[in-house]
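J.: Please model the complete structure; the sequences and the hints are all you need to start from.
So the protein lines, in turn, are chains Y and A.
The first sequence maps to residues 12 to 619 in the working numbering.
The second sequence maps to residues 7 to 642 in the working numbering.
By construction, these hints were calculated from the structure, which means they are not laboratory data.
Predicted model only: the values in this text are computed from it and were never measured.
We treat Cβ as the ideally placed atom computed from N, Cα and C, and that holds for glycine.
Treat the hints with care, since some could be wrong.
[Claimed, not checked] Computed cross-link-like contacts, DSS-like style, restricted to lysine-lysine with a CA-CA straight-line distance of at most 30 Å:
(1) A:K176 <-> Y:K268
(2) Y:K225 <-> A:K527
(3) Y:K129 <-> A:K271
(4) A:K523 <-> Y:K268
[Claimed, not checked] To be clear about the criterion: a stretch of chain A counts as covered by chain Y if any three or more of its residues have a C-beta under 8 Å from a C-beta of chain Y, and this derived list gives those stretches:
(5) 110-121
(6) 144-154
[Stated by the list, open to error] Here are the in silico distance ranges between beta carbons for each label pair:
(7) A:V531 <-> Y:A480: 40 to 46 Å
(8) A:V349 <-> Y:E249: 36 to 42 Å
(9) Y:E82 <-> A:I69: 53 to 59 Å
(10) Y:N209 <-> A:R224: 41 to 47 Å
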Amino acid sequence: MKQDNVKQEKKERHSFGHVSRNLYFMLRYSFKYAPSYTFVTLGEALGRGGWHVLQVLFIKYLFDAIEAGVEFKTVLFWSLLVVGYNISFELFNKWRLEVYRPRIRLVLHEGIQNELYKQARELDQCCYDDPEFYNDFIWAIREADNRTGEIMENFSIFINRVVSSAVILVLLATMDWIVAVTLAVAVGLGFVFRNKLNKVNYKKNEELNPITRKLSYIGRVFYLPDHQKELRQGGIAEHLQEEYQRTTGTRVACIEKYAGKVLALSLIIGFLSDLIPHTGIVAYLVIRFLVDPGLSLGSFSASITATFKLFWTINDIGNYLTKFHEHSLYIEKVRKFVGYRPTIKGDVTGVPAFDTLSVRGLSFAYPFSKDGKEALSGIDLEIRRGEKIAFVGYNGAGKTTLIKLLMRLYDATEGKILYNGQDITAFSPAEYRKHIGAVFQDYTVFAATVGENVMGGEYTEADEPAVRAALTAAAFDDKLEKLPNGIQTQLTTEFSKEGVGLSGGEAQKIAIARVFARPYELIVMDEPSSALDPIAEYKINQSIIRQAESKTVIFISHRLSTTRMADRIYMFDNGKIVECGSHDELMRQNGKYAEMYRVQAEKYRDAV
Amino acid sequence: MKPSLTGGSCAFSGGRRRRVWLCCYHGTMEEKKKKKLGWKRTFQNNGYMIGLIMKASPGLFWIALLHNVLSATHSFLFQTYLFKYTLNALQEGKPLKTVILTISLIAAFGIVGFVVYRILWRYYEKRYPVVDAYFQNLLQKKAAEVDLACYEDPVFYDDYVKAISAATDKAYDTMNNLLAFVWIVIYVSGAAVLISTIDPIFLLLALTPLIYTLLIGRRRNRIKHEYDMRNKEVGRQKDYVRRTFYLRDFSKEMRLTEMWKVMYKRMHDSVAEMKSIVRQYGYKMMFFRYLFDVIYDLLVGTGTIVLAAYKTLVKKTMLIGDCFVVINSITGVAANLEYVGEVFVNLHENALYAENLRHFLDYEVKIAQDENAPAVPAFSKLELKNVSFSYGGQDTPALSGVNLTVRAGERIAVVGHNGAGKTTLVKLLQRLYDPSEGAILLNGEDIKTYRLSSYRDLYGIVFQDYRLFATSVAENVLLRGNVTDEDREKVKDALKRAGVYDKIEELPGGVDATVTKEFDKDGAVFSGGEAQKISIARLFAGEQEIVIMDEPTSALDPIAEQEMYRNMFDACKGKTVIFISHRLSSATMADRVYMFENGAVIEEGKHAELLAKNGKYAEMWHKQADAYSMREEATA
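T.: Written out as structure tokens, the structure is:
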């Protein structure tokens, strides 16, 4: 039963109505952002269709005229008229190709991306954890603008091919209906078999894909810099080379497996859509021309021209139908992405200044975690204004997850987080986040100026004092002085050779400066000094304490030296809070915290 | 002209100059001209590529050549000769039987060709992987052998190393270009002979597009190249903006900050700039393309028709049949002739690619394997004598005047701030680079005198930026293939000691499970800490005499770190250990500590000695230990 449903769904997906609805969905973007694009493109399709038909008609006229010995001037007149049509059409077409299209594509790009980026920004963070959604989402957003343009143009060519084929077929029928019918039937049957071949090829490619992926992975290992040191150790290089040769064997075997079927089908298709029109009909026409005096040179040559043209245009119709199917599959992904409704939202925009934060019976499991285990369970805690709080514990204990929930990158599975006593899910995420600044372990530095990176947004002259102060607080001031354009220096060499690449430690300082640059009331530091050496770490810690005197701060670290000055320490273990209190209290308790502290401190104490 | 590609070393100056042209468009053109190869070299290089294909699959080229000869003949017969023959026969009044027989013969030729081509397509499909495997084997061998410097010099890397990924396709392009030329020559010469028997003047008309391309094409290509380069540069910004919106790396910041506003503005700016580039170049490009169309339409298309009609109707020097043949075949001839221009452009481009490939394959490895060199003896002492080293293209040395001694069984700590030269030291020890000055001696002999593979086998190393391969866990630990049952036990033991076996045991396939989902859907994904432990297990599985740990515990929490150190020292009993860290806590366990700053050793000695000295090491130590403030702790 279920299988039937799946089959039904598959059929549904390939149905004509479904495909055209999808195409329309995408074309709407073009109607919306670049209305003239449709007219210009259709104009081209019709103009070109006219040219194809005109060519057939002209050939017939020309040879009939020559055979009949018409006056040269008349031939000249018609020839110039025909070429006049084409020269004017091409003027329009070249303008379209070189001037109009590049510009309108940019307009389309901006319109579509504006819309998609907005959607991407509002996407729940958990969408990034779902590999399938994430892959589709990348695909959707990467190609949307070019696809829309491509669909528009494919559609126009398709119309051109259909119209031209129909008109030329009628013309051909008036000259030799046997040829017209044979051609139509043969090429039509060719479609049926081509569809079969496509299916075989699809299956074959599915089988080949993992094989070629493996080959390209091994290839990459050798030419990407990442693995070079390991490749020069031990025998792994030889092993991978052998693996490449072995996998090639599998690849050839897979191709061989399908070779017979593919050959048989391609012979049939070739017979129907290549041999019959190309060899058969031409030979037939030549012989008919020899034996049938009723066939004028004009009709004969026009029939040959029409046959060649039809052969090409009808086959093209098939190609475009296949393309539309591909487009449809792609559009499916776009619709899924565009149709996604974020769950992290809220309407209350008036978020008051921070006073307290309490977590009540909170549990959370990542929606796409493999084992389905809870990352946090039964968390209760309380933070008041001005406190310095530390979350400590081993890797994977759930510290960072709790921060993600506080920042509303995810919402809790059970329990709630209260901000000044109000459930945070009521607030608009953007407004709520204006009160909390967080530095994560996996911070990113953008290819933008220092100022923009520190402000985490637009930078104006008025922000200069704040940015300078923040950079000083993050111990970046020495480096800032060495930068060629100071705060205006472009970071990363992404698209400017003058851009400055930062080391891991320096980049981390930029990320830290972000929380100082804005008047956040609550600051969260998730392992802020992991990429720094001891001296820099020391400086930063001192600085954070100084800067944040009036602020509420949550520190996260597995280095307990960083956290011991906190007002209250929460010790995390396996998604739970196992101990809580000041450093001295916890040391007296002599539990997990004390054990962890001793392990770390021991190494320093022993040697003194 | 001598190409600027013949530098023996990786950091050759030619490359540096080229970096500039990315920002400067006029420079690009000059540079391109300089890069142009002579005709002789161009042909040699094309021949070189085809030679490689012939070695990879001896029959392939000849079969493809025969295929193209047949196909060109077929096209000529069918598109041109058939009509000429039929119309002439009609006018000459040849017996119908003979005519139909000839037509049938031509058709039969077509049918045979039709079947043969389709069989050949399947043959090509099967040969491609074989050719690809040959190329990859050749290149991978070289890639694993060239100096690491080649990967770290961006210019050499971009020009040569990255280029090898497309080698097979490029070789096919080269072959196809030659085959296309053969095809055109046969087809065009057949048609040309035919047309010239009618009236050679039409050949002149057919030549006009080629003449246009030869005269104007270069100018057009230059403008197009300029256009593309500018678009590419601005387009990079547009693409970057897009990435910031979809890549996971940026997702948190995009939500928590207002960077998206900056990115929107950047997109808007780059689109505006691209529009202005279109305005600047669009009409120029339109002009060139339109001019070509007009010439083609007027001279080749209409010109032929009008001239033929004139000769038939007015002058009466041409028969109707000839008129038909000329009009029908002229556009095909002209289009193919025009394509000859492209064949030559491709010839040059492929030759340039081949030049890069040859440069890469001919690259003389500086740190090369010499099979005749002696294997290393049992390790007793390693010395660095006054070693200095600079990375290619950098003015400040990464190491200068380093003296350091390691005796068998010692535990040596190398400490210092980020960028002090610690990791460079490891690369030199492992002979990924050779010192610019000074020497490294093993048991008193320069390490260059030993066989490279044997020398490198001396070390087991955990790198800071360790990598796992998408192969089985066991192969990742052993760093080789051919895993036996005995090996599996060894791997299990190593993983246990690295503290990660619990995780591996759970995997379907255990130590044979594939790492990453790269091409195995059920592949195992490890966290940073787990991956690091697997890379550490490499030390436990190996029999190396010297173990180097380059910040091996940075991704681990303190308890795991503690355990790991204990295990490592356990496992490395009797071995020599060099560990590198910016966390000084581990330095207390060392027999000797070397403190690095700015590429030089500034302090050395035992931990206690260095503390007593009260220098930089002591300062660094106190800052870290302070945070744990021992005295306070003692009273608690």
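J.: Hints first: check each against the structure and report whether it holds.
T.: Each hint, compared with the structure:
A C-alpha spacing of about 27 Å is found between K176 (chain A) and K268 (chain Y), which places the hinted pair at or below 30 Å, so the restraint holds. Simply put, K225 (chain Y) and K527 (chain A) have alpha-carbon atoms about 12 Å apart, close enough for the 30 Å limit, and the pair holds. With a C-alpha separation of about 13 Å, the suggested pairing of K129 (chain Y) with K271 (chain A) holds against the 30 Å cut-off. The straight-line distance between the Cα atoms of K523 (chain A) and K268 (chain Y) is roughly 26 Å, inside the 30 Å bound, and the hint therefore holds.
Here the region 110-121 of chain A counts 7 residues with a CB under 8 Å from a CB of chain Y, which clears the bar of 3, and the coverage holds. Only residues whose beta carbon comes within less than 8 Å of a beta carbon in chain Y count, and the region 144-154 of chain A has 6; three or more means the coverage holds. The given range of 40 to 46 Å is respected by V531 (chain A) and A480 (chain Y), whose C-beta atoms sit roughly 42 Å from each other. Distance hint for V349 (chain A) and E249 (chain Y): a CB-CB separation of about 41 Å, consistent with the stated range 36 to 42 Å.
For E82 (chain Y) and I69 (chain A), the Cβ-Cβ distance of about 55 Å falls inside the hinted range of 53 to 59 Å, so the restraint holds. As the Cβ distance of N209 (chain Y) to R224 (chain A) is approximately 42 Å, the hint placing it in 41 to 47 Å holds.
Violation of the numbered hints given earlier is absent; every hint is satisfied by the structure.
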